[in-house]
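Chains as they are written, first to last, in our numbering: chain H, 1 to 152; chain X, 153 to 652.
Some clues are possibly wrong.
[As the list claims (entries may be wrong)] Within a straight-line C-alpha distance of at most 27 Å, the following computed DSS-like cross-link-like pairs (lysine-lysine) qualify: (1) X:K348 - X:K534; (2) H:K77 - H:K119; (3) H:K77 - X:K399; (4) H:K119 - X:K534; (5) X:K348 - X:K399; (6) X:K399 - X:K255; (7) X:K580 - H:K68.
[Stated by the list, open to error] Some chain H residues flagged as far from chain X (calculated, every beta-carbon gap over 12 Å): (8) G12; (9) E115; (10) W147.
[Said to hold, decoys possible] These stretches of chain X come out as covered by chain H in the derived footprint (C-beta under 8 Å, 3 or more residues): (11) 170 to 184; (12) 248 to 256.
Derived by calculation from the structure, the hints in this document are not laboratory data.
No residue lacks a Cβ here, since even glycine has one placed at the ideal position from N, Cα and C.
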Amino acid sequence: MEVRNRQNFAAGVFFTAFGVFAAVVARSYTMGTAEDIGPGYFPFWLATLLAVLGAVLTATSLAPAAHKTEVGHLDWKSTLWIVGSVVLFAALLQHLGVILSLAVLVMLSSMGSHEFTWKGAVGSTLVLAALVYLVFVVGLHLQFPTWPTLFA
Amino acid sequence: MDLIANLSLGFSTALSLQNLTYAFTGCLLGTLIGVLPGLGPVATIAMLLPATYGLNPTSALIMLAGIFYGAQYGGSTTAILVNLPGESSSVVTAIDGYQMARKGKAGTALFTAGFGSFFAGCVATLVLAAFAPQLAELAFNFGPADYFSLMVLGLVGAIILSSGSIIKAICMILLGLILGLVGTDVNSGVMRYTFKIPALFDGIDFVCVAMGLFGFAEVITNLSHKDKRETFTKSVSGLWPTWLDFKRMMPAILRGTTLGSILGILPGGGAVLSSFAAYTFEKKISKYSSEFGKGAIEGVAGPESANNAAAQTSFIPLLTMGIPSNAVMALMVGAMTIHNVQPGPQVMQNNPELFWGLIASMWVGNLMLIVLNLPMLGVWVKLLTIPYRFLYPAILVFCCIGVYSLNSNVANIYITAIISIFGYVLAKLGCEAAPMLLGFVLGPMMEEYFRRALILSQGDYSVFVTSPISASLLLVTAALITIMAFPSIKKKREEAFQED
Numbered sequence: 001m002e003v004r005n006r007q008n009f010a011a012g013v014f015f016t017a018f019g020v021f022a023a024v025v026a027r028s029y030t031m032g033t034a035e036d037i038g039p040g041y042f043p044f045w046l047a048t049l050l051a052v053l054g055a056v057l058t059a060t061s062l063a064p065a066a067h068k069t070e071v072g073h074l075d076w077k078s079t080l081w082i083v084g085s086v087v088l089f090a091a092l093l094q095h096l097g098v099i100l101s102l103a104v105l106v107m108l109s110s111m112g113s114h115e116f117t118w119k120g121a122v123g124s125t126l127v128l129a130a131l132v133y134l135v136f137v138v139g140l141h142l143q144f145p146t147w148p149t150l151f152a
Numbered sequence: 153m154d155l156i157a158n159l160s161l162g163f164s165t166a167l168s169l170q171n172l173t174y175a176f177t178g179c180l181l182g183t184l185i186g187v188l189p190g191l192g193p194v195a196t197i198a199m200l201l202p203a204t205y206g207l208n209p210t211s212a213l214i215m216l217a218g219i220f221y222g223a224q225y226g227g228s229t230t231a232i233l234v235n236l237p238g239e240s241s242s243v244v245t246a247i248d249g250y251q252m253a254r255k256g257k258a259g260t261a262l263f264t265a266g267f268g269s270f271f272a273g274c275v276a277t278l279v280l281a282a283f284a285p286q287l288a289e290l291a292f293n294f295g296p297a298d299y300f301s302l303m304v305l306g307l308v309g310a311i312i313l314s315s316g317s318i319i320k321a322i323c324m325i326l327l328g329l330i331l332g333l334v335g336t337d338v339n340s341g342v343m344r345y346t347f348k349i350p351a352l353f354d355g356i357d358f359v360c361v362a363m364g365l366f367g368f369a370e371v372i373t374n375l376s377h378k379d380k381r382e383t384f385t386k387s388v389s390g391l392w393p394t395w396l397d398f399k400r401m402m403p404a405i406l407r408g409t410t411l412g413s414i415l416g417i418l419p420g421g422g423a424v425l426s427s428f429a430a431y432t433f434e435k436k437i438s439k440y441s442s443e444f445g446k447g448a449i450e451g452v453a454g455p456e457s458a459n460n461a462a463a464q465t466s467f468i469p470l471l472t473m474g475i476p477s478n479a480v481m482a483l484m485v486g487a488m489t490i491h492n493v494q495p496g497p498q499v500m501q502n503n504p505e506l507f508w509g510l511i512a513s514m515w516v517g518n519l520m521l522i523v524l525n526l527p528m529l530g531v532w533v534k535l536l537t538i539p540y541r542f543l544y545p546a547i548l549v550f551c552c553i554g555v556y557s558l559n560s561n562v563a564n565i566y567i568t569a570i571i572s573i574f575g576y577v578l579a580k581l582g583c584e585a586a587p588m589l590l591g592f593v594l595g596p597m598m599e600e601y602f603r604r605a606l607i608l609s610q611g612d613y614s615v616f617v618t619s620p621i622s623a624s625l626l627l628v629t630a631a632l633i634t635i636m637a638f639p640s641i642k643k644k645r646e647e648a649f650q651e652d
């Protein structure tokens, strides 16, 4: 058997797995009765429908008449730079304050670009740090640590 | 004359110095992000939500709305000059607009887009003012079963709008609906899908979903392709069209406006759908149909008028029924909830200055936009030369701060990061994010109306077909599904979305 529509095949498998998982979890909540549906009712049926449709999607992707598609190249490198720098920002925020964490976020995420230059990244950092300081700290008084807690 | 009294209340609200400033800020930001490819209104509105906490709800909504319709203006500039839609509703404008620019008629194309948008915006404001009260009146007769069916119709509409396979769009909606149920169930107090993680007890904030899907995931996607841009920035001259151009664009603008106004009201409709529809329609009926794809002025005038008209009339279902018809409106629901305004028919009675002020501000905003766009074109064109490597770190910073400030919790940033990975992978599998966001917002509402409908009917499921309103809405839904399943229509739909 040949997987002709690889995009749909992968999506279908994901939806089925997610649906089955969500339906199983929903079984642990009360289903209730028709007059008074419980917390498990709605999620259970949505998840079941999702699992069924996911299965249909998977099945049709195997049909000989299915469109041929390939799953495009997943750019894990860019994903890692972006998500990694964002997660690091979140982890550092409480300790280093917004300005320094922002510098880490901007410098690291800039490295994900194939056009990275040190000069450009430092420039972005300075401009954004100034903007965030003026708009969010001075202008809108948003509540977050601005500087490392050691200095404050 | 209710309409006049209402509109004058609206204008007196919209023309206050404070609201004028926010409308202007919104339009300016909207044009900016519309011009910049890779940053759309959904991500921008999500990023700016925290900035509106301190404002009164009227000013906040005026600014956010300005971003949305401002983006429709800005998007066309990029489409015409760089052949890159700055905004998804300008995809079709790029076809003929860019060809006009290559023939040295960039100025005329830009004028057409700006003038068409302005005209459409004015008409749509009137449509909104005239029909919204009637629809709100109607909405008061809606019972829970009717609302449930209306949401089903809205979600099916969102499927038509999405470009990929129908079944994948339904799956994305279901995924969104399920994610929307995460958190403490309001009726039973049961924690659903929280897995003992405290950050999930109050549910996933929709801003996290919106930013994950339209902020971070978009950045990842954009980083992975290396696009080369060819810009016609130097050749912009001669904004004024010739008399012949004018004669050709006017009917197209009128048709585009009509089409856009109607499609915008429909649940699931919106700017993208209407610009596609207007383009296809113009191509069908035009005397110059052979010129389409080679720089036909109608191919710019029609879709540009349609997307702007639809951007504004898509506020109708939101303001009258409380139902968001597209991803931007879903964010508006969030914005209204943050400011303790419950979207729905009661907005007009409880907050008349918000309702009419918002409508009047759209007309004022359109006037500002035409001034912002045509004479200041040079400034926007300069912006196009900003490389993406400077743009995306800024997007990340504003997304992170926006998400964090929702409730000063870094856990929101982690949630957003996780959602973005899913969003990126699903996008690679040809699944669109917009239906998922819509499902996410509608999930809890649908469950609540479904539950209430069954309580009222004492567990009788037939209530969804015995109520005349609900029955007719479901009938329309069934008709839409049947039409979409027809092989010939299916093919047409695929063709329509292939033109980008």
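Now for the hints, and whether the structure bears them out:
no., hint, verdict
1, X:K348 - X:K534, "violated, 50 Å"
2, H:K77 - H:K119, "holds, 22 Å"
3, H:K77 - X:K399, "violated, 52 Å"
4, H:K119 - X:K534, "holds, 21 Å"
5, X:K348 - X:K399, "violated, 65 Å"
6, X:K399 - X:K255, "holds, 19 Å"
7, X:K580 - H:K68, "holds, 15 Å"
8, G12, "violated, 8 Å"
9, E115, "violated, 5 Å"
10, W147, "holds, 16 Å"
11, 170 to 184, "violated (count 0)"
12, 248 to 256, "violated (count 0)"
Going through the hint list in order, the structure does not satisfy hints 1, 3, 5, 8, 9, 11, 12.
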